[in-house]
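Participant: Chains as they are written, first to last, in the numbering used here: chain A, -10 to 458; chain B, 485 to 754.
Note that these hints are calculated values from the structure, not bench results.
Certain hints may be false.
[As the list claims (entries may be wrong)] 25 Å max Cα-Cα, derived SDA-like pairs, lysine to any residue:
{"id": "1", "chain 1": "B", "residue 1": "LYS642", "chain 2": "A", "residue 2": "GLY168"}
{"id": "2", "chain 1": "A", "residue 1": "LYS256", "chain 2": "B", "residue 2": "LEU712"}
{"id": "3", "chain 1": "A", "residue 1": "LYS136", "chain 2": "B", "residue 2": "ARG651"}
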Amino acid sequence: MTFVLIGVNHNSAPVEVREQLAIPESRLAEAITRLAQFPGVEEGMILSTCNRVELIANVGNSSVDLRGFLREYFQTDTDLLAGHLYEYREQEAMRHIFRVAASLDSMIVGEPQVLGQVKAAYAVACGVGALHSQLHALISRAFAVAKRVRTETAIGSSAVSVASAAVDLATQIFGSLAGKHIYLVGAGKMSELAARHLIAGGAEAIFVANRTHARALSLAEKFQGTAIRFEELHETADRADIVITSTGSPYAIFRREHGERFLHRRKNRPMFFIDIAVPRDVDPEMNKLDGIFVYDIDDLQAVVSANVASREREAARAHEIIEAELQRFIARLQTQEVAPTIISLQEHLENIRQAELDRARGRLGKLTAEQESAVEALTRGIINKVLHTPITALKNAAGDAESNTVIDHVRRIFNLTPRNLNPGNSDSQGPGTKNSDLKSGNARRIPIGRSREKQEEPVREEEKKATPS
Amino acid sequence: MPLLWLRVALVFYGLGLVYALLALARKAESLAKVAMPALWLGLTFHFVSLAELTLEQGHLTPSTVHHSESLLAFLIAAVFLAFWVKYKTVSPGIFVFPLVFVLTLAAAIGQQPQEFTSPLLRKGWIFVHVTLIFLGYAALFLSFVTSMLYLVQERRLKSKNMGKWLRLPPLQVIDEIGYRALLLGFPFMTLGLIAGAIVAQEQFGAGFFRDPKIALSIMVWVIYMVLLFTRWSAGWRGRRAAFLSTFAFIAAVGTWAANYLSGTHRFLGP
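Can you make the complete structure from the sequences, with help from the hints?
Facilitator: Listed below in structure tokens is the structure:
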């Protein structure tokens, strides 16, 4: 058993490369089925999102190369991918899938979507029967690890964009944004984005004011709000709980005396000014008034970078969790791997002992209780001494790349049948089947480039649809 | 037995206190998981203790200083719990737990001090008076706590440095809790004072309000009213409200302490 993972992600490959490998949802089941049927592959799963395409498989023989599957499936020359494709084996592969599920490998570390994407891929792979015991155990462990990371660290809890930082701050001031009024002063991409985020958070009724009233009208229409003439700005601003400013004015539009008036009219209910304009539209003096909170673009950026830094700190803690979980998982796998062989080895020798004892009993005649126990101890002692070396060798080999060979040899030497080796586990196959699979697989491998033009077009079309996912 | 139950309650309050203090260093969610069940359990045992004590003495009104401390601690914890049920915020617990713990501790240490022997205590009016005033105190304390939390949260928002060491509820939620606590406590305090005045009038005649405790109580009530009025008419929050409620809190503590100076509240036999 060996885990192999190959893939590309946002770090290793530009979007032009990733989109070539992307597999749309509609074709995922078929792709996973083909991966699972690929020679040497015992279990397989494919994760295809806009930031990554990854193939993970449990292969019977460590020489299996999943690049062969890429060549076959995409009819593409993997040499072109060489610089972008990464490959992890065994421990590295397990660690990688843990990191992906826990969102440590994401473009925005800690973003929550990736776990859902892994879960969806897992569901598809389960649906087509591509997962059996080992990979199934690995992926479910990855979910548990991701959950642990999410609950034990604060990796996903802070806002890492200016707009979401603004929403976060507004929530810290107002609690629920439901029913809160927003005032957009001036237009701009960033202020529109912030407004959109606030509305998504529950904020209501939008007022829009702009020096060019036509612009205000069109913006108000966009947000289904009310356009207000710029001259009436100071008379109406107190109606808003959140004011987003982004005008090109060279001097401050809102000054301290305005703030005092707003507070008076609002009976001191708090107001939140988000000043995205440079030069600033809101006099920083306003922040000194009780009940008015002013954040300019630098303040918001500072919040964002503090959050990014804290996510990175949390990522370090998450990394520790992952390492610990990885070691636990490996230890479990290792015992799982050699345990059946050890058990059947013991059973096998015990059977021999019993058979030999039965045969000898006739010749030995009647034994006293003492003699009986001496014979028992003698025979047991012999098989335990004999078993000691192979069992130690098996235990030591557990987890090694060589473990299959050792298990294989022990089985062969002691003449243990594969059926006995995996009681109740029909999923994993004995070494004999693996080898024959591999041989026929090598023969079946299709040369690169065959019927390439014919298949390229439809694949590409589907991929393009899938990329914005 | 009442003392035993009170000590069990004390253990749970202590547990809550530890977690409330831990909340200073960690995320508040972990606090709620242990602190609030601890508070529930503490309140349950506390209630049993109070009920047994009442049965033992045969009337409702607290008959020792410790008994009244116990009752006050119980009411403060109960008011806090009621607000937790509504707002699910444990932050006021940072102040509430220590106070509840200290009051319960004082009551549970058990050295029985002088007993109030006045036959006055057997009157239902006194029980109504004490309980209502204590409820008023509890609400006032909660609003004092929230006004402190408001200041902290406001300062953090203004300084643009939201430290991670303490997760506070949103500013407006803190504000609402404080205001609701005032609104809840004021009628209790008012009715409690009226009940007290009726008893005192009957007992001591018209001059009762010259008693230091009564005078202080009236001052607390006046500050209470000013707090409510400024909040209602001008929306005073933040620093100004915190200033007023600190003042009210100090006056309330003074009123509590004034028992030792007060003639009308000594309740020592005729």
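Participant: Which of the listed hints are not met by the structure?
Facilitator: none
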